[in-house]
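*Asks:* Each chain, letter by letter, is given below.
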Amino acid sequence: MNNKFDALKDDDSGDHDQNEENSTQKDGEKEKTERDKSQSSSKRKAVVPGPAEHPLQYNYTFWYSRRTPGRPTSSQSYEQNIKQIGTFASVEQFWRFYSHMVRPGDLTGHSDFHLFKEGIKPMWEDDANKSGGKWIIRLRKGLASRCWENLILAMLGEQFMVGEEICGAVVSVRFQEDIISIWNKTASDQATTARIRDTLRRVLNLPPNTIMEYKTHTDSIKMPGRLGPQRLLFQNLWKTRVNVP
Amino acid sequence: MSGGSSCSQTPSRTIPTTRRVVLGDGVQLPPGDYSTTPGGTLFSTTPGGTRIIYDRKFLIECRNSPVAKTPPQDLPTIPGVTSPASEAPPMEARQNHLQNSPEDKPVCGEESQFEMDI
Chain G
1 MNNKFDALKD DDSGDHDQNE ENSTQKDGEK EKTERDKSQS SSKRKAVVPG PAEHPLQYNY
61 TFWYSRRTPG RPTSSQSYEQ NIKQIGTFAS VEQFWRFYSH MVRPGDLTGH SDFHLFKEGI
121 KPMWEDDANK SGGKWIIRLR KGLASRCWEN LILAMLGEQF MVGEEICGAV VSVRFQEDII
181 SIWNKTASDQ ATTARIRDTL RRVLNLPPNT IMEYKTHTDS IKMPGRLGPQ RLLFQNLWKT
241 RVNVP
Chain W
1 MSGGSSCSQT PSRTIPTTRR VVLGDGVQLP PGDYSTTPGG TLFSTTPGGT RIIYDRKFLI
61 ECRNSPVAKT PPQDLPTIPG VTSPASEAPP MEARQNHLQN SPEDKPVCGE ESQFEMDI
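Protein chains in written order, with the UniProt record's numbering: chain G, 1 to 245; chain W, 1 to 118.
Derived by calculation from the structure, the hints in this document are not laboratory data.
The list that follows gives simulated cross-link-like pairs (lysine-lysine, DSS-like), each with its CA atoms no further than 27 Å apart: (1) G:K222 with G:K130; (2) G:K141 with W:K57; (3) G:K83 with W:K69.
Covered by chain W, according to a simulated footprint, are these stretches of chain G (three or more residues, beta-carbon under 8 Å): (4) 55-67; (5) 154-161.
Using C-beta positions, here's what the derived DEER-type ranges look like: (6) W:P72 with G:G142: 24 to 34 Å; (7) W:S12 with G:P51: 24 to 34 Å; (8) W:P11 with G:G109: 42 to 52 Å; (9) W:S65 with G:T108: 27 to 37 Å; (10) G:A191 with W:T77: 37 to 47 Å; (11) W:S65 with G:K141: 31 to 41 Å.
For glycine and all other residues, C-beta sits at the position ideal for the given N, C-alpha and C.
Turn these sequences into a full structure, and let the hints steer you where they fit.
*Replies:* This is the structure:
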């Protein structure tokens with residue numbers, strides 16, 4: 001796990017296409033410096049709820065990333081391609097951002113929205129994520145906007161009831177499908193992951209035959225990115241066929 | 001969670017040891033709504049202390065507050081994401097998005113939202 005941008009780029013999700021092998025390992029130290037620089041330059045003063053606003057349990061930060069078309073996804077280009085959109089502390093501040101961003105279904109190209117608790121980077125190697133994993137749901141085209149909205153509203157409203165476990169959520173817009181995922185801290189905590197799965201079923205109103213996959217970030221690092229949908233089905237992760245009574 | 005919207009601060013209490021709930025015949029257990037249990041809400045008391053819980057309906061109602069409609073001052077300009085991909089002035093798109101959003105947001109509750117062909 002010496003290249004965190006590689007890891008993030010290869011994340012899940014719909015990355016079953018070209019260029020995955022082109023990434024080169026970069027000098028870790030150099031990268032760390034660059035990263036710290038970009039972090040400090042984007043530092044802002046503490047975000048707090050305004051008067052008469054409804055505070056959230058946690059502050060959250062919106063991120064956006066996009067793969068540059070036609071270029072190998074080196075870690076450097078990935079770094080340039082992930083952007084912080086902003087941090088909010090209240091329900092109203094959330095809507096200020098959300099209402100002025102396009103919905104995921106209207107994004108073009110190979111793009112992701114990430115919504116993570118403030119202070120947690122949407123990267124596997126972040127301290128909050130390194131022992132974690134994520135539930136993944138693959139969506140037919142046309143469903144991402146609604147599912148993403150339901151997912152993040154549930155997260156912001158603390159509907160998952162798993163204490164501090166939730167780290168953030170991602171929607172990945174890909175060529176033939178879209179993917180939403182929710183990340184938690186402790187992949188080995190089965191009570192937590194089961195509760196997250198059940199809450200996902202409820203808040204997304206998933207049909208009974210929906211396949212949900214749980215993937216630990218360690219596995220994602222070991223097997224980055226080249227898993228197409230078919231291959232993923234055969235992978236022995238927590239694959240659950242949901243049955244609604 | 002099965003009706004009106006709620007915005008609640010749950011108080012911190014000790015976990016109740018035993019609780020007896022009598023179910024009559026024909027009581028419908030709500031499958032698919034894990035937050036509601038017969039006789040009360042299962043997780044209304046969170047062991048870790050106070051948590052701020054909002055349901056979807058309440059959050060969506062907040063969208064109409066004046067603050068929520070103002071773009072954040074520090075919103076970065078990302079063409080195609082926070083501003084139009086084309087040359088159109090940013091404000092126009094923002095207005096459009098605001099106007100469009102009420103009706104393009106599906107507010108369907110119980111009906112099956114989609115089918116998935118996996």
